[in-house]
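**Student:** Chains A and B, in that order, give the protein sequences.
Take the first sequence: its letters are residues 1 to 362, numbered as in full-length UniProt numbering.
Take the second sequence: its letters are residues 1 to 362, numbered as in full-length UniProt numbering.
Treat the hints as calculated values from the structure; they're not laboratory data.
You may find that some hints are simply not true.
Remember, identical chains collapse to one label, so a pair may be satisfied in a single copy or spanning two.
[As the list claims (entries may be wrong)] Lysine-lysine pairs mimicking BS3-like chemistry, simulated, CA-CA at most 25 Å apart: (1) Lys207 to Lys332; (2) Lys353 to Lys177; (3) Lys286 to Lys44; (4) Lys217 to Lys328; (5) Lys286 to Lys207; (6) Lys44 to Lys353; (7) Lys332 to Lys286; (8) Lys177 to Lys284; (9) Lys217 to Lys284; (10) Lys284 to Lys332; (11) Lys286 to Lys328; (12) Lys328 to Lys177; (13) Lys286 to Lys217; (14) Lys44 to Lys332; (15) Lys207 to Lys328.
Protein chains: 2
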Amino acid sequence: MADRANPIRFGILGCAAIARKVSRAIALALNAAVVAVGSRSLDKAQSFIADNGLPPATRAHGSYEAVLDDPDVDAVYVPLPTSLHVRWAVAAAEHGKHVLLEKPTALCAADLDRILEACGSHGVQFMDSTMWMHHPRTARMRDLLSDPNRFGQLKAIHSIFTFRGDPDFLQNDIRVKPDLDALGALGDLGWYCIRSVLWSADYELPKTAIAHHGCVKNQAGVILSCGATLVWDDAKVATFHCSFLSNQTMELCVMGTRGTLHLSDFVIPFEETPANFRLATDSKFKELHIGWQPLPSEHVISTDLPQEALMIQELSRLAGSIRDSGSKPDEKWPIITRKTQLVLDAVKESIEKGFEPVNITG
Amino acid sequence: MADRANPIRFGILGCAAIARKVSRAIALALNAAVVAVGSRSLDKAQSFIADNGLPPATRAHGSYEAVLDDPDVDAVYVPLPTSLHVRWAVAAAEHGKHVLLEKPTALCAADLDRILEACGSHGVQFMDSTMWMHHPRTARMRDLLSDPNRFGQLKAIHSIFTFRGDPDFLQNDIRVKPDLDALGALGDLGWYCIRSVLWSADYELPKTAIAHHGCVKNQAGVILSCGATLVWDDAKVATFHCSFLSNQTMELCVMGTRGTLHLSDFVIPFEETPANFRLATDSKFKELHIGWQPLPSEHVISTDLPQEALMIQELSRLAGSIRDSGSKPDEKWPIITRKTQLVLDAVKESIEKGFEPVNITG
Numbered sequence: 001m002a003d004r005a006n007p008i009r010f011g012i013l014g015c016a017a018i019a020r021k022v023s024r025a026i027a028l029a030l031n032a033a034v035v036a037v038g039s040r041s042l043d044k045a046q047s048f049i050a051d052n053g054l055p056p057a058t059r060a061h062g063s064y065e066a067v068l069d070d071p072d073v074d075a076v077y078v079p080l081p082t083s084l085h086v087r088w089a090v091a092a093a094e095h096g097k098h099v100l101l102e103k104p105t106a107l108c109a110a111d112l113d114r115i116l117e118a119c120g121s122h123g124v125q126f127m128d129s130t131m132w133m134h135h136p137r138t139a140r141m142r143d144l145l146s147d148p149n150r151f152g153q154l155k156a157i158h159s160i161f162t163f164r165g166d167p168d169f170l171q172n173d174i175r176v177k178p179d180l181d182a183l184g185a186l187g188d189l190g191w192y193c194i195r196s197v198l199w200s201a202d203y204e205l206p207k208t209a210i211a212h213h214g215c216v217k218n219q220a221g222v223i224l225s226c227g228a229t230l231v232w233d234d235a236k237v238a239t240f241h242c243s244f245l246s247n248q249t250m251e252l253c254v255m256g257t258r259g260t261l262h263l264s265d266f267v268i269p270f271e272e273t274p275a276n277f278r279l280a281t282d283s284k285f286k287e288l289h290i291g292w293q294p295l296p297s298e299h300v301i302s303t304d305l306p307q308e309a310l311m312i313q314e315l316s317r318l319a320g321s322i323r324d325s326g327s328k329p330d331e332k333w334p335i336i337t338r339k340t341q342l343v344l345d346a347v348k349e350s351i352e353k354g355f356e357p358v359n360i361t362g
Numbered sequence: 001m002a003d004r005a006n007p008i009r010f011g012i013l014g015c016a017a018i019a020r021k022v023s024r025a026i027a028l029a030l031n032a033a034v035v036a037v038g039s040r041s042l043d044k045a046q047s048f049i050a051d052n053g054l055p056p057a058t059r060a061h062g063s064y065e066a067v068l069d070d071p072d073v074d075a076v077y078v079p080l081p082t083s084l085h086v087r088w089a090v091a092a093a094e095h096g097k098h099v100l101l102e103k104p105t106a107l108c109a110a111d112l113d114r115i116l117e118a119c120g121s122h123g124v125q126f127m128d129s130t131m132w133m134h135h136p137r138t139a140r141m142r143d144l145l146s147d148p149n150r151f152g153q154l155k156a157i158h159s160i161f162t163f164r165g166d167p168d169f170l171q172n173d174i175r176v177k178p179d180l181d182a183l184g185a186l187g188d189l190g191w192y193c194i195r196s197v198l199w200s201a202d203y204e205l206p207k208t209a210i211a212h213h214g215c216v217k218n219q220a221g222v223i224l225s226c227g228a229t230l231v232w233d234d235a236k237v238a239t240f241h242c243s244f245l246s247n248q249t250m251e252l253c254v255m256g257t258r259g260t261l262h263l264s265d266f267v268i269p270f271e272e273t274p275a276n277f278r279l280a281t282d283s284k285f286k287e288l289h290i291g292w293q294p295l296p297s298e299h300v301i302s303t304d305l306p307q308e309a310l311m312i313q314e315l316s317r318l319a320g321s322i323r324d325s326g327s328k329p330d331e332k333w334p335i336i337t338r339k340t341q342l343v344l345d346a347v348k349e350s351i352e353k354g355f356e357p358v359n360i361t362g
């Protein structure tokens, strides 16, 4: 079992801003440790180690290859631009490293499949870095959505994730560059919306995606703002909206026959702890329709560790089980990733086809 | 000026459940009074007066015509099924009565125009019964949406209004009957969503409506659940969802370049007073993206009178000004009503055309 004394040893590929958050998370996790940082520049790797208070023994490497060649690295965190994911995630798997891959995981499902196949054939654990999946709030909400007496049957979902990119972001960030993160806001933000929709539907794939008119692209054709409707055979329906052009917003509203779940910070909680959500069950009006009865209930969930550290712990638990008990990789995580990517691909295709419906096939 | 001593005298056409709430509102308003109730059955009118604690002097009439012929009635409240609106609202105007008309105001804009023309040519005030427009919370939110430093430029809107009809409702309510309220959930609930979208956009009409796939109709073809995307020329975008099939939910989220407005009870506040909403401005993450800074601010708005009484007071103020000062009817209210109906018509047409885009023209 991976623990403090015998942790899963992480190497970080690249010094992206998000790697600072994840390196802290690895340090907080009880069964993981950062042992190496690789960058195209040895100086940058050394600075990253020093600036982020990593242990002095952390090895700086002047290339990504060197991290993969490092025999004392068990797992890698890959926050590189999406266009580089296939190359480096596949290489990591081939070197026997477990893979924690930033989202969007790939430019398309075919690329993702190359990554998942490499992980599968080399017996390493794959997980995408969708942190909110690992918050205890998420598990508590899932329990309630599964309760027929508190939520009933799922009918509709709406999800929003936006933030306003400043002029520098909209000009220079990798997320608006067609050769780096070509999926733009759909890949960076819509990823979370789509995941929240699938999570709400207990990962039942919708049948059809229809992108919304009003999609905004930059001059290079990268999506800055878009949305879509997702439809299931039983007439469940979901909509989402993602954008680099509006104030930071993270709404999730899930409606069942008997209940409504709502929260305004589903991707990153307002505060590290506690985190809240609201559940309404069998909402009615009072006599004369002059107010609600019952009122929605507020739920407050505390956590000892932030969601990103819990994500690292979960990956390390699975990697430890492979290392110590000869277990096979857990297929739950790659399956969820692949469904998310399939829906994302369908939304992108719908945008490209002028907002026509696109079938989603597994 | 209409006041307690010299109020606007209301007649109520029909004894619908909602008329109980509005008769209380008329009694609460400081410048209005219920003086007559008409029903197709004199008994029902008498029972309504007794059951709702109306003054003993309130006149019961055994027909709608008799209310219109009552010379001591200044204004009528019309909660009849939508299919009867043209007939009775036009007749009321022709009898010189001001008209407070339940929503949806008409089955189509052409019908509404007959009503508005009758009101215009007879110099009576028209207002639809969209109560939340009159809550002081609404005015406060409008101020904030107009503040470039707190909200910025409007970019996106999402609105939801659902409730779960029980089996009896889904079988027998006038709102699922093609000969009575043929617009179904779109007319009953989507009306509020569309109004909230127009309100957010300061009544700038969107250019195009595209209904969402996943619309649910009953066997008679009446809409039970639907949604739509609305798009403006400047790429503002709105989506809404309305349904008789999900737990009662009323979400409004309005996103600007600098701010996000959110509330979960926009149609009928959770409690008569106070009512809340949340505004976030310039939302960012803390260092390392481990929380938000600043947090959204909670706003609490109290009101001396419920929103429906304030609606009655506003109509009575305008009616009193016509009565006492020879003013012309205020055109603001019919203009807002007509825009709402135009968008509703376009969404309905889009559904009928298989979710094709429909231009909205004034």
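**Student:** Now tell me, hint by hint, if it's right for this structure.
**Tutor:** Going through the hints against the structure:
no.	hint	verdict
1	Lys207 to Lys332	within (21 Å within a copy, 44 Å between copies)
2	Lys353 to Lys177	within (21 Å within a copy, 38 Å between copies)
3	Lys286 to Lys44	between (63 Å within a copy, 23 Å between copies)
4	Lys217 to Lys328	neither (42 Å within a copy, 48 Å between copies)
5	Lys286 to Lys207	neither (39 Å within a copy, 38 Å between copies)
6	Lys44 to Lys353	neither (42 Å within a copy, 58 Å between copies)
7	Lys332 to Lys286	neither (44 Å within a copy, 32 Å between copies)
8	Lys177 to Lys284	between (49 Å within a copy, 23 Å between copies)
9	Lys217 to Lys284	between (42 Å within a copy, 23 Å between copies)
10	Lys284 to Lys332	neither (38 Å within a copy, 33 Å between copies)
11	Lys286 to Lys328	neither (55 Å within a copy, 38 Å between copies)
12	Lys328 to Lys177	neither (38 Å within a copy, 58 Å between copies)
13	Lys286 to Lys217	neither (47 Å within a copy, 28 Å between copies)
14	Lys44 to Lys332	neither (35 Å within a copy, 62 Å between copies)
15	Lys207 to Lys328	neither (31 Å within a copy, 55 Å between copies)
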